[in-house]
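*Asks:* Protein sequence lines, in the order shown, are assigned to chains A and B.
Note that my numbering has the first sequence beginning at 1, numbered continuously upward.
Note that my numbering has the second sequence beginning at 1001, numbered continuously upward.
Be a bit skeptical, because a hint or two may be false.
To be verified - Below, a list of computed lysine-lysine pairs in the DSS-like style, where the Cα atoms sit at most 30 Å apart:
| hint | chain 1 | residue 1 | chain 2 | residue 2 |
| --- | --- | --- | --- | --- |
| 1 | A | LYS146 | B | LYS1011 |
| 2 | B | LYS1079 | A | LYS142 |
| 3 | A | LYS121 | A | LYS38 |
| 4 | B | LYS1011 | A | LYS157 |
| 5 | A | LYS70 | A | LYS146 |
| 6 | A | LYS41 | A | LYS270 |
| 7 | A | LYS41 | A | LYS209 |
| 8 | A | LYS70 | A | LYS38 |
| 9 | A | LYS158 | B | LYS1011 |
| 10 | A | LYS70 | A | LYS157 |
| 11 | A | LYS270 | A | LYS142 |
| 12 | A | LYS250 | A | LYS109 |
To be verified - Footprint (simulated), chain B over chain A, 3 or more residues, beta carbon under 8 Å:
| hint | stretch |
| --- | --- |
| 13 | 86-95 |
| 14 | 148-159 |
I should point out that these hints are in silico values taken from the structure, not numbers from a laboratory.
As the structure is a computational prediction, the values presented were derived from the model and not from experiment.
The C-beta atom is built at its ideal place from N, Cα and C for all residues, glycine as well.
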Amino acid sequence: MTQPTASSPSREQEFLEYVQSGGQVEATDELPDDYRAKLIKFIEMHGNSELMGVLPEREWILRAPTLQRKLALTAKVQDEVGHSQLIYRVVEDLGKPREQCLDDLISGKSKFHNVFHYPTKTWGDVGVIAWLVDAAAIISQKALLKCSYAPYARIMKKICWEESFHILHGRDVILTLINGTDDQRELVQDAVNRWWGPLMQFHGNPIAKEEDPMYIWRIKSQGNEEARQQFLDGYVPQIWELGLTVPDPKLRKSDDGAWEYSEPDWDELKSVVTGHGPKSQDRLDLRRAARENSAWVRQVVLPQAA
Amino acid sequence: MIYEVFRQERKGQPFQHAGSVEAADDHFADVYAREQYGRRGESSGLWIVPRSAVTEIHDFVDELNRNYHRVDGYPLKEKLKEARERAGTAAPRDR
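Let the hints inform the model, and build the full structure from the sequences given.
*Replies:* Written out as structure tokens, the structure reads:
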């Protein structure tokens, strides 16, 4: 844990210049209150999303088509829960205890990512989640590898490494279905159609990065639209090459290399992340029940820590 | 309790800080650290240390300006230039 040289940031302006020139800070450094608050909110939402993100997949563990798929899916669920543990640890060192994060998640006070508020109707959805949703997520997470808050950047290395396995798993599920019967191909196309809207909303509104507090503080290193363009650039060709279509007639790559697309439904995004998505309340209920059912374990184990 | 975890990727390499785990005691810390940092065979060893056992040092004040400990204490470039000039061996672009 090293101190950022002699020009240790004490005042906010000095601190801003420090992080904007690529400087990183540790938990024990003096942090501006606004920076700390923004970090907690952002990282906590990331932790919530990892934890809530396993619920749509969990529903398919018992219905996975083969033993191999069941094991792979279970391993993915373990990875994601592990990520939430790592991330909540970072939040905890910033001053907000994990118990409080979990309480705020259950009460609806804090948020989790839009894509985890939707149902998983078929095995095709499981493939599309691991392939495209995780791809979108890994683009956001790679933009955190240079985060000005070093403890977060460090765990992101491990998280990105594990996410790359999930994309492999997702591509394998998708390719198997695509090489299967017409019905199986249809399953994938239906899932892509269902997930396209939420995927286009995933990276957020196209606010200029110079106006995005998360970029100003260098918590993330790219703007929302940049992330979306990167996603389209990497994955639309992969979707097309399988003979699948994207449900957006306006989608095309313009001559200057930027992707054009229909305006994502920002009202839907806002409504979904504030707890009004098709599965928001079910998932929170499940999380609440899980917390109540496991309370006895914490009661047995934690007194030993005192 | 918070435990800091250091991991060694391959034998012979340095142990580097990997992250931390929260655990009720040393036994749970062992289990959690194995799960978080070793289950994919990505480590050849782990050090698990209670955070309270870590002493941090951040101030390295050099009151006596002992620059002979540092690279900037040896301005060889300047001196070599002068020596070459005196010997008449300076490269053409230096003359």
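*Asks:* When the hints from earlier in the document are held up against this structure, which numbers fail?
*Replies:* Numbers 2, 3, 5, 8, 12, in rising order.
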